[in-house]
Amino acid sequence: MTSASTSRTLPSLVFVALAALALGACTQTSAPEQASGPSARAASLALPGSSACAREIRAFRDLLDRDNETGFVGASVYRDATRDLEGPAATCRAGDDAAARAALRAVKTRYGYPA
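Numbers -31 to -1, 1 to 84, taken from mature numbering (1 follows the signal peptide of the UniProt record, and there is no 0), label the letters of the sequence shown in order.
There may be inaccurate statements among the hints.
[Claimed, not checked] Here are the computed lysine to any residue pairs in the SDA-like style, where the Cα-Cα straight-line distance is at most 20 Å:
1) 77 - 45
2) 77 - 44
3) 77 - 46
4) 77 - 53
5) 77 - 60
6) 77 - 34
[To be verified] Computed Cβ-Cβ distance ranges for the label pairs, DEER-style:
7) 75 - 45: 15 to 21 Å
8) 27 - 81: 16 to 22 Å
9) 40 - 75: 21 to 27 Å
10) 40 - -23: 38 to 44 Å
11) 35 - 79: 14 to 20 Å
Keep in mind that the hints were calculated from the coordinates and are not lab data. Please read these numbers as outputs of a predicted model, since none were measured by experiment. For each residue, glycine too, the CB sits at the ideal point set by N, CA and C.
Based on the provided sequences and hints, a complete structural model is requested.
If you want it as C-alpha cells, here you go:
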C-alpha cells in the first residue's frame, strides 16, 4: 500500500468502526417498563354515560393505556397520570362538565399531551 492509499483507507476504517459502535449502542436489551399487575390496563373509570367530559376522559385514558402497553410512557408516569385522572373523573361524575374538561386539560398538559 502506498502512503496515499493508506491515508484514504484509515479514515474510512475509523468511520466504519465508530458507526458500528454507535449503532451497537442503539440496541435495547430489555423490554420497556410497564405497570405491574394482572392487566396493564387500569380499572375503568365509572363515568356518566355520554357526557362530553366522560367521552374525553375515557379517550385520554384509552390513549394512556395504549401508550403504556407500547412502552411509550414509563410505569411511574402511567401510574401518576391515571391517578391524576381521578380528579377530573370525580368532577365529571358530580355533573360539572366544564370544570371536569378544564381539569382534564391540566392533566394532559402536565404529562405532555396536547390539550
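We went through each hint and held it up to the structure:
1. Between the alpha carbons of residue 77 and residue 45 the distance comes to roughly 15 Å, so the proposed pair stays at or under 20 Å and holds.
2. The straight-line distance between the Cα atoms of residue 77 and residue 44 is roughly 17 Å, inside the 20 Å bound, and the hint therefore holds.
3. With a CA separation close to 12 Å, the supplied pair residue 77 and residue 46 stays within the 20 Å bound.
4. Taking the CA atoms of residue 77 and residue 53, the gap is near 10 Å; set against the 20 Å cutoff, the hint holds.
5. Under the criterion of a C-alpha separation no larger than 20 Å, the hint pairing residue 77 with residue 60 is consistent with the structure, at around 16 Å.
6. Using a Cα cut-off of 20 Å, the hinted pair residue 77 and residue 34 holds, with the two alpha carbons roughly 14 Å apart.
7. For the pair residue 75 and residue 45, the beta carbons lie near 19 Å from each other, so the given range of 15 to 21 Å is met.
8. Take residue 27 and residue 81: their Cβ atoms lie about 20 Å apart, and the range 16 to 22 Å holds.
9. For residue 40 and residue 75, the hinted distance range of 21 to 27 Å is satisfied, since their beta carbons lie about 25 Å from each other.
10. Taking the beta carbon of each, residue 40 and residue -23 are about 42 Å apart, inside 38 to 44 Å as hinted.
11. A beta carbon spacing of about 19 Å between residue 35 and residue 79 agrees with the range 14 to 20 Å that was offered as a hint.
Checked against the numbered hints above, the structure violates none of them.
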